[in-house]
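Participant: The residues making up each chain are set out below.
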Amino acid sequence: MKAMLALCLVLFLIPAAMMGGQPVDTRAFVQLPVKNDPTIAFRLWFKVGSQNDPKGKEGLASLTGQMLADASTTHNTYAQVIDRLYPLAAGYTASVSTEMTIISGRVHKDNLAAYYPLLMDAVLAPAFLQEDLDRIKSQALNNLETTLRYASDEELGKAVLYNEVYAGTPYGHIVAGTVEGVKSITLDDVKAFYKTHYTRENVVPGIGGGFDQELIDRLARDLSALPAGSPAAVPVAEPRTIEGFRVTIVDKDAPATAISMGFPMNVLRGSREWYALAIANSWLGEHRNASSHLYQVIREERGLNYGDYSYIEHFPRGGFAQMPPQNAARRKQIFEIWIRPVPREAGYFALRAALREFNHLVEHGLSESEFALTRSFLRNYVLHYAPTTMQRLGYALDDRFYGINGSHLETFRKMMGEITRDEVNASIRKHWQFGNMHIAVITRNGAGFRDALVAGTPSPITYKTAKPESVLNVDKQIEVFPVPVKRENVKVVPVGEVLQR
Amino acid sequence: MANSFFPYAYTKEVLPNGLTIFVIPMESPGLVAYYSIVRTGSRDEYEPGKSGFAHFFEHMMFRGTEKYPGPVYDSLMTDIGADANAYTTDDYTAYHLNFAKDDLEKVIELESDRFQNLSYAERDFQTEAGAVYGEYRKSITSPFALLNEKMQDVAYDMHTYKHTTIGFEADIKKMPEGYAYSKSFYQRYYRPENVVLVIAGDIAVQGTLALVRTYYGGWTKGYVPPTINAEPPQTGERSAGVTYPGRTLPVLDIAYKGDRFNPDNRTYVAALLLGDLAFGETSELYKKLYIQEQKVDILDASIPVKRDTPLFEIVARVKKEADLDAVREAVYATLLQYQTTLVNARRLEDLKRRQRYQFLMNLDTPDRVAGGLARFVAITGGIEIVEKLYAAIDAVTLEDIRTAATRYFVPEGRTVVVLKGSLQ
Chain A
91 MKAMLALCLV LFLIPAAMMG GQPVDTRAFV QLPVKNDPTI AFRLWFKVGS QNDPKGKEGL
151 ASLTGQMLAD ASTTHNTYAQ VIDRLYPLAA GYTASVSTEM TIISGRVHKD NLAAYYPLLM
211 DAVLAPAFLQ EDLDRIKSQA LNNLETTLRY ASDEELGKAV LYNEVYAGTP YGHIVAGTVE
271 GVKSITLDDV KAFYKTHYTR ENVVPGIGGG FDQELIDRLA RDLSALPAGS PAAVPVAEPR
331 TIEGFRVTIV DKDAPATAIS MGFPMNVLRG SREWYALAIA NSWLGEHRNA SSHLYQVIRE
391 ERGLNYGDYS YIEHFPRGGF AQMPPQNAAR RKQIFEIWIR PVPREAGYFA LRAALREFNH
451 LVEHGLSESE FALTRSFLRN YVLHYAPTTM QRLGYALDDR FYGINGSHLE TFRKMMGEIT
511 RDEVNASIRK HWQFGNMHIA VITRNGAGFR DALVAGTPSP ITYKTAKPES VLNVDKQIEV
571 FPVPVKRENV KVVPVGEVLQ R
Chain B
53 MANSFFPYAY TKEVLPNGLT IFVIPMESPG LVAYYSIVRT GSRDEYEPGK SGFAHFFEHM
113 MFRGTEKYPG PVYDSLMTDI GADANAYTTD DYTAYHLNFA KDDLEKVIEL ESDRFQNLSY
173 AERDFQTEAG AVYGEYRKSI TSPFALLNEK MQDVAYDMHT YKHTTIGFEA DIKKMPEGYA
233 YSKSFYQRYY RPENVVLVIA GDIAVQGTLA LVRTYYGGWT KGYVPPTINA EPPQTGERSA
293 GVTYPGRTLP VLDIAYKGDR FNPDNRTYVA ALLLGDLAFG ETSELYKKLY IQEQKVDILD
353 ASIPVKRDTP LFEIVARVKK EADLDAVREA VYATLLQYQT TLVNARRLED LKRRQRYQFL
413 MNLDTPDRVA GGLARFVAIT GGIEIVEKLY AAIDAVTLED IRTAATRYFV PEGRTVVVLK
473 GSLQ
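Protein chains in written order, with the working numbering: chain A, 91 to 591; chain B, 53 to 476.
Everything labelled a hint here was simulated from the structure, so no lab data went into it. Heads up, some of the hints might be wrong.
Over the 10 Å line for every Cβ pair with chain A, so calculated as not near, a few chain B residues [what the hints assert, rightly or not]: (1) M113; (2) K202; (3) K235; (4) Q239; (5) T287; (6) A374; (7) L388; (8) L394.
Computed cross-link-like contacts, DSS-like style, restricted to lysine-lysine with a CA-CA straight-line distance of at most 27 Å [to be verified]: (9) A:K227 x B:K119; (10) A:K281 x B:K347; (11) B:K225 x A:K557; (12) A:K557 x B:K235; (13) B:K472 x A:K342; (14) B:K339 x A:K281; (15) B:K225 x A:K554; (16) B:K158 x B:K119; (17) B:K226 x A:K557; (18) A:K273 x B:K158; (19) B:K371 x B:K225; (20) B:K472 x A:K273; (21) B:K153 x A:K125; (22) A:K227 x A:K281.
Cβ atoms here follow ideal geometry from the backbone N, Cα and C, with glycine treated the same way.
Extracted from the complex, chain A is given alone in its bound form (with noise of 0.2 Å):
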């Protein structure tokens, strides 16, 4: 049997060396090996994400992507490419975000000379068939349609606010894209992107865990069948400005209130001001994390809903995940403030405490001791960002991608040794504002929610236990917190119509 498979890897490296493709350039690999590591983990990225989407094509990155993961080959059925990799216990998955596709996978190394042939043939010899297209196709349309639009408010409100923030610009559509452009989206418009972006001068091959130098040789070899090409690169995201506070509401029959806010942000990991402001926002929100100062105040003292977090990058699938994404990198970024479904009628009072926060952090800055604290703590988690060599390799390709020497996880916890408080104040007063934000809610009664932000109306809320008099005296700020808001600057959508073009 061992003897057919090598049989099979030898047949299958002729035709890509026959194309005369040179090997792509194994200097621009990343590699992570990692000696005891009986498995090894593939991540191949290609330069595409949901920003190459064209206009009117939605979606089209995030179905080109699966047409590769989870279709037909030309050498097998998409029904024979699942028989194989099963007693492998291996597989392949495509994951598009705004800027980067990653074709991922890990295979024990007892099952490589199985693997590696299914794993290349997904990448070099993608069959496109209507069918695999029919059900990837109406798989996106109801993960639009119901899915978001009903089954997680939480996940529809950050979609709408990654929407509005980048209105009008390439980043301006979730990867998921719209029900009009999935619609639209053709097999011809699948091969033609995949035939300008999936080529060998816009991947960069990521490999970890026990591998060796001859796997790298012919991962080189292999990749140099796919086709020639240099895409035409994506102007950065030139957001336009927001000026006041700008307000989505998503009127739905929903049973409670979500919200999601905030505003596009330019400054990115590796840059010094980045990890002096990833303090103060770990400090403010920290993700899925008691210590987060929202969290602290929202559901800890009030008890209103399940947390309160705030990020400095994109977050996709923020309600999924309990550690930051690999692979989500982007040459713009977003500050975004979530809190989880509250119940309607505190609403605007949890809206209102958040921006209070949030304003008291901008104007003030951090403490000495909160400022200690978080960096203490950040130092250690940090090492949880990435356990695994999958997610290893995932930071290593972003560190490429920010163009960052040596590790952003190592730079990270060298600056909790660095950053001085000052910087951290200095950082958020030169990179975070009140007043000027976008904010996306999810709710029954959108009109409603519309006129009492408009006319400022106090929001108090009333408990059904017993609070202490502190938590009580706070409210009483809380529940008339100034967050001027213009009606002409709220939009009031039915969610039938969200996420529709």
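Knowing the structure of chain A, use the given hints to seat chain B on it.
Facilitator: Same frame as chain A, but now just chain B:
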């Protein structure tokens, strides 16, 4: 202790008070995973009106002690940069932390303290109830949450699996009234005989055990087992519908009563493989309904590892409501086929191979090792069962698969729930 299947040597110790500890040293760059597994979950909520309480109580475990009140506990955890969290299931509750190895003693001190000396005011208890209700609100927008709630309610009569882990909404609303009950819950269930520690990562065995003895040695016994009614055999087919408020594709959920986790039960072990063979991605039915005809976009089947009678569930999300009956009939035809025909030997071997490699590949960080063992620890009190389970899986024959299909898939043991959206 050396093993043939589980790749790491480990040491087990049981303290005189009944606390069981597993220490699993493994290569990891300075990281440690620390799991405190309480063998109590929503299954143990046998008193009326108390559904969801095990989960609620999990939240209260973060509210502190007299020595380390909640904010102090939070700030100490923050200071060491621990990744600390917890989750509750039907059969157990797990408190888990990942942290740098230098902080081992601090973590052991803090963990042992809250397990022995938890203390919170009624006001904090009531506030936390609000957070739990918030968790319910964010979860219930998923059609599958509604479907599960209905399925468990209809399929069970006597056993506490009748309710979900998050609990009934009516009970969640009443949680703020349960302060006194929460004290009793802690006294009865948070006892050393009912808790297992699994500590994995960059650690020394003897040093770790010495610290555990020091900090947990004074914890007193006192576990009071709950009275859980056995679920009587089901004697007739049941069916129900549930309407999701919003838009969703219809979901068909077909369930049969199975057996509790027991690697000595050949039929049960065969059933663990049966779901994947009959409905998994290499099955004929998956290829027909998902790939060729594209009538479903989800098809899945499995029997879970549970302390008591579980449900063998087959779930299909159907793209067009008009196809619901055809999909249901196709599922039944597949079940019949597995009762009458032996499965292809190659497919069975492929699946066994897949299971072995999946298990091994998932053991690559301390957190995954300790977390991956948690359910086995909760159900059996130890991790030794893993060896036995994989040996039993290896021994499953084609005939065992057919026997499992014949024993489990009987119409009188069946419950069918169909979920549809209120909007088209």
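Participant: For every hint, state whether the structure bears it out.
Facilitator: Comparing the hints with the structure gives:
1. With a closest Cβ-Cβ approach of about 12 Å to chain A, M113 (chain B) is found to remain outside the 10 Å limit, as its non-interface label requires.
2. With 10 Å as the threshold on Cβ separation, the claim that K202 (chain B) sits away from chain A holds: the shortest Cβ distance comes to roughly 16 Å.
3. Distance check on K235 (chain B): its Cβ is at least 17 Å (rounded) from any Cβ of chain A, clearing the 10 Å threshold; non-interface status holds.
4. Even its closest Cβ contact with chain A, about 23 Å, leaves Q239 (chain B) beyond 10 Å, as expected for a residue assigned away from the interface.
5. For T287 (chain B), the requirement that its beta carbon stay farther than 10 Å from each beta carbon of chain A is met, with the minimum near 36 Å.
6. Its beta-carbon lying about 15 Å from the closest one in chain A, A374 (chain B) satisfies the requirement of being farther than 10 Å from that chain.
7. Even its closest Cβ contact with chain A, about 23 Å, leaves L388 (chain B) beyond 10 Å, as expected for a residue assigned away from the interface.
8. Every Cβ of chain A is farther than 10 Å from the Cβ of L394 (chain B); the closest lies at roughly 19 Å, confirming the non-interface assignment.
9. Distance check on the hinted pair: K227 (chain A) and K119 (chain B) sit about 57 Å apart at the alpha-carbon level, beyond 27 Å; violated.
10. Only pairs whose Cα atoms come within 27 Å are accepted, and K281 (chain A) paired with K347 (chain B) is accepted, the gap being roughly 26 Å.
11. For the hint pairing K225 (chain B) with K557 (chain A), the CA-to-CA distance comes to about 17 Å; that is within 27 Å, so the pair holds.
12. Only pairs whose Cα atoms come within 27 Å are accepted, and K557 (chain A) paired with K235 (chain B) is accepted, the gap being roughly 21 Å.
13. Proposed proximity of K472 (chain B) and K342 (chain A) is supported: the alpha carbons are some 18 Å apart, at most 27 Å.
14. Distance hint between K339 (chain B) and K281 (chain A) is fulfilled; the C-alpha atoms sit about 25 Å from each other, no more than 27 Å.
15. Of the supplied pair hints, the one linking K225 (chain B) and K554 (chain A) holds, its CA atoms being roughly 10 Å apart against a limit of 27 Å.
16. Note on K158 (chain B) and K119 (chain B): the hinted pairing holds, with a Cα-Cα distance of about 14 Å set against a maximum of 27 Å.
17. Restraint check for K226 (chain B) and K557 (chain A): the C-alpha separation of about 17 Å stays at or below 27 Å, so the hint holds.
18. With a C-alpha separation of about 56 Å, the suggested pair K273 (chain A) and K158 (chain B) falls outside the 27 Å cut-off, and the hint is violated.
19. Distance check on the hinted pair: K371 (chain B) and K225 (chain B) sit about 35 Å apart at the alpha-carbon level, beyond 27 Å; violated.
20. At most 27 Å may separate the alpha-carbon atoms for a hinted pair to count; K472 (chain B) and K273 (chain A) meet this at roughly 24 Å.
21. Restraint check for K153 (chain B) and K125 (chain A): the C-alpha separation of about 22 Å stays at or below 27 Å, so the hint holds.
22. Restraint check for K227 (chain A) and K281 (chain A): the C-alpha separation of about 15 Å stays at or below 27 Å, so the hint holds.
This entry does not satisfy hints 9, 18 and 19, going by the numbered hints stated previously.
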